[in-house]
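Novice: Now for the letters of each chain:
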Amino acid sequence: MTDSTNDTGLIAAAGQDNSDIADNLREQFGEQIHNAEIEDDTLQVEVAAEIILVVCRHLSTEIERPYPYLSDAFGVDCGDHLQVVYHLIRSETADGAFVRVNLPRNEATLPTLTALYNTANWAEREIAEMFGVTFAGHPDPRHLLLPEGWQGYPLRKDYQRPDHPYLASEPLHEDPSVFLASGPQFETTEE
Amino acid sequence: MSETTQAPLTTEEIVVNLGPQHPSTHGVMHFVVTIDGETIRECVPHIGYLHSSLEKIAETLRYEQFITNTDRFDYLNGLGNELCYVQAVERLLGIEPPPRTVFIRTLMAELKRISSHLVYLGCYGNDIGAMTVFLHAFREREPLMDMFEAVTGGRLLYNYLRIGGLRNDLPTGFTDQLHRFLDYLPRRLEEMNDLLTSNRIFIARTRGIGILTARQALSFGVTGPTLRGCGVPYDLRKLRPYAAYDQVEFDVPSFPEGDCLARHLVRMEEMNQSMRIIRQLMEKMPEGEIQADVPRRIKPEAGEVYERVESPRGELGCYLLSDGGAKPYRMHWRGPSFYNLQALPVMVRGGLLADFIATLGSLDPIAPDIDR
Amino acid sequence: MWAAICDIWQGGKSIIIGHTVTFRNFWRPKITDRYPHSKPEENWQPKPGYRGGFAQLKSDKEDRELRCIACNLCAQACPVGCIHIEGEGKGKERHPVAFYIDMGLCVFCHQCVEACPVDALTMTEEYEISRTSRAGLIRDLDELVAAGEGRQEVSRVV
Amino acid sequence: MASTLVKTILDVIHNWAEGLAQQWGIPHLFVSIAAWIAAFVFVIVLVLLMVLLAVYLERKVSGAIQSRLGPMRVGPIGLFQTPMDALKILTKEDIVPRDADKILHTAGPVIFFVTAVIGYVVIPWDRAAIAAQVVDLNIGVLFVIAVSSIGVLGIMAGGWGSNNKYALLGAMRAVAQMVSYEVALLLAIVCVVMQTGSLSLAGITADQGGSLLQWNLLRWWMWPALLLYIIASIGESKRIPFDIPEAESELVAGYHTEYSGMKFGFFFLGEYAHLFIIAVTGAILFLGGWHSPLPATMADPIPGFIWLMGKALAVILIMMWIRWTLPRLRVDQLMNFAWKGLVPLGFVAIAVTGLAIGLGLAGGGG
Amino acid sequence: MPDEPIRRLARKHRESPAGQLLIKIVDKVLNTGRACSVWPLGFGLACCAIEMMATAASRYDLDRFGMILRPSPRQADLMIVAGTVTMKMAPVLERLYHQMPEPKYVLAMGSCAVSGGRFYRDAYSVVNGVDRILPVDVYIPGCPPRPEGLIKGLLDIHDIIRRDSIADAPYIEGQRPEYRQYPRLEK
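Protein chains in written order, with the working numbering: chain A, 1 to 191; chain B, 192 to 563; chain C, 564 to 721; chain D, 722 to 1087; chain E, 1088 to 1274.
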């Protein structure tokens, strides 16, 4: 029962290529597609924040061989801006497409994709609490992994860990001169 | 007690907190379950009780130092996680590991899959109420633990894979040990099937319980045995072969029912398929070096990579972004349990409280894999 | 009706089969290792290469000096920073005056042993490392040297 | 011989007390009451010992089935493990949760334990001639079932009084389950009563005297009743596969989630006392009570109460075997099974017994 | 405490020789009972939980020592904190500890519970050692410890119990001496 479906999926994958998808995207959305290319049968698209919902709907339902499912979404702190990456897949061949959005650090707002993908719910909540990206219209915008009332966005590069008694790195030995676990030997490694 | 009772009394829904400390939550998760009598009206998962900030830690460690931490994501699949991470780093660096290394890595990942499914089997038996299955499954797992210890020096967390190689070759006597185990395990699995899988009570507890349709599963990003239990033969080992999976033959078991029993049967069959893979790997195992040439300072060029492997729980993704330094600039881990668990509220709605436990157990979630 | 009877028959059969399995197991030999009791049998000795406690090795030459040259490579390789070294002297004369490993912090990953250029640090098969105080988990140089008495080889899988 | 020894000890105490009473002019009634109490205390101690033994056996049997050893450290092969557990439990802190109903919280385990033990007064431990039964009620078998079913009140009081949702759910499940399985249990007993024509446990035992062939176990028309009794008694004692009131993976520890120390000990011991009385009753109903399986012509060196306890232990062992083999049923399946499976089976069993009596095979009320 | 009258009596007569003898005997009996039936609350959090389960399973068999893993803290004597304790989990851990009846003991299993281990320095959400929240009696390093290592730690707990005396009354008047009071997590 399993092999036949597998084979058809693989043959279909081999028979077609994705190069037209990138061209179509550029044609359809023009300037708002910052980048669209195919690398090792993986589609890489970088779009403006305003059209992310439209592009994802287009990729997941409207093209000939769509990427109907969201597999993963995560954020990256690129220093001067934030990036949110969506990984769309096809279930028959496990082909992937990466859709990226660049956002300014201070006012990072994106429309939510929860209407399109159930997967987006938790993934967006995680990105929101880790990077401080606001997802407009998210049905459940609470903290996901961190306790209620957490301050700061931990995965941003400039995050300082809170000064909390549970976290304080106090000397482990009775005599602090003997052993300091949070020593600086580590930072000097590369030089 | 049953939901068909039409009582003239006014009834009240009660809210039960399952977890964070609860005998069946498979680690620490918290579910706020609203029940009417015994029927579940709503279930809201609260996660993050094991959020250990490993993605942040990855940014402070060198590439080779972080291998030991990948074990801690999904601790039942330590070698599989290492495989995913090491493959990602190797792709960043453009290194090809020697063939013997690839074979040993695949072999260990498959052994780990068997071990992980045995833990699942035991815990599922415990959830359903069959304590003996739990202890039997852990008993069969002990020879495996001995093998892991002989190869890697650790029982549960290994730090065995290296970038472009392995820590050490297989020890002497390993082949005999493995063959003894492979001869012995199928008989014991058969016994376990007699004891649990074919039991009328077990079937009554799992058939038609926690149903997830294929479309729902895909839209929730569910992968692994849970998705294959919905009739979708989605397996990265077959669809996008990595390591040595393109050199072995195996089937991808899938059952169309989408209930707890189907997921259970998928895992039971996967253990047999893993044994088949291991036998083939042992036959074809090439001789040779186990370490590729790797620069002493591992500093990949700026770039990014998204590596995917099939863990016992589903699709494992590792995203690495390098800025040219010795430490990853950003590391993201796609834990399969994270997305699998998201589908739980849909699966348990309208069922009984006992079905909740059965459904949760059949997803086989691992807390650090969810919370990272 | 017939289906119901078949169901009862099948169900009863499966339950009886289950009972035969447990009955068989009842008479099987027990696999329990009686850990603190049958200690001389060394049933539970870890395999060679097991990553347990730590030891500092001495040179196999006549002078029996410590091999360690206090180069700090192990401390740098450690992903948790549980090793603290203070060395003295320059060049060939360099030796450690203080060497602490915090076992409570250590994750037993073996990276320090692999980093050592002179094979001075090793992990042992010691696993009875529990203590009743946090400070008791910190190993100093004397304890490490004592643990290394009689060892020549660095731990490795054979 | 042990049973005569017991009788002698009791007689000596009785005579001594009577002598004393005559000397001091105490009415004879008080002496009789004192003698009953002495006999009752003796039985209770015996029963508690058996309960501790049953707990120990449970751990050993489960160990054997699971390829492990079970308790080994305390005493030879861990024999003193359960007394040590009891000692520890009795000296633990007794916590009453702040928002619990204090009276009900305390009453729960007491009711549960006392009702579990009271049933033992009507058990005929040995032949009536040597007075090894505290009271011989003519409705003994009903008394045992009735009293032990009051235990469910203790569970309900405890579950409700704990002010804990797991405990409440567990108690609700326990009530529903015990009420349902009692019906099936009584239907099984009705068959035995039809066969014997007596509700007294001593009478039921007497009916099976003579030889091994007289046991209800070996009368084929009693087999449906026997099957029914085994299943219903497991349900009644809340063990796997019917252990939903304390289903560990669902309700943590069920109705005794909030109990610690001595009160938990009462629940724990009471549970095994329940189990043991159901096993003893089963041994009397189907395995010939204190009668020896040896032919009557052979001299029997073993006293009757040892035989009875041995038979009860055999029943318990079978229940343990079942417990450590099967998974747990779900709550609705459990109720369905009781009402749609066991009750009809009970009617079949009664019909079969009635048929056998009609055909003249059975005693039909002696 | 049910033994409170005995304790009061013992403290009163701890000077007299007869009292000492009696205290010795009572200690011996009580401590043997307690040490021989330590029921742990399996507080399995992460990787160590699997090794804890393996220890309770057939090959190592905690039941040999009279230990049964209890699901409810009310019936437990010992809390095995096996794994990473996060900031989100810390209040739960504290609450469970206070739900356990006296006398109670805490065993920190694995590096994460001992010191934060892997997550000591750079993690923002992991409690660096469970001894910042609870009074820990025995520390077992290891990541995770071998089952034998865990059994050794449990035997250490037995030793601690056997050293208890009813005349000391360590858990009646406030906390145990080595208890370090850390501030509670702010809500």
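Take the hints with a grain of salt, since some may be wrong.
Within a straight-line C-alpha distance of at most 30 Å, the following computed DSSO-like cross-link-like pairs (lysine-lysine) qualify [what the hints assert, rightly or not]:
no., chain 1, residue 1, chain 2, residue 2
1, C, Lys576, D, Lys781
2, C, Lys621, B, Lys475
3, C, Lys621, C, Lys610
4, C, Lys576, D, Lys1061
5, A, Lys157, B, Lys490
Calculated directly from the structure, the hints in this document are not laboratory data. As the structure is a computational prediction, the values presented were derived from the model and not from experiment.
Novice: Would you check the hint for C:Lys621 and C:Lys610, treating anything up to 30 Å between C-alpha atoms as holding?
Specialist: Distance ~23 Å between C:Lys621 and C:Lys610 Cα, so the pair holds.
Novice: Is C:Lys621 within 30 Å of B:Lys475, Cα to Cα?
Specialist: The given pair, whose Cα atoms are some 43 Å apart, is violated under the 30 Å limit.
Novice: Need the status of pair C:Lys576, D:Lys781: alpha-carbon distance at most 30 Å?
Specialist: Cα-Cα ~27 Å, so holds.
Novice: Check whether the Cα positions of A:Lys157 and B:Lys490 lie no farther apart than 30 Å.
Specialist: holds, 20 Å
Novice: Within 30 Å, alpha carbon to alpha carbon, are C:Lys576 and D:Lys1061?
Specialist: holds, 20 Å
When each numbered hint is compared with the structure, a violation occurs for hint 2 only.
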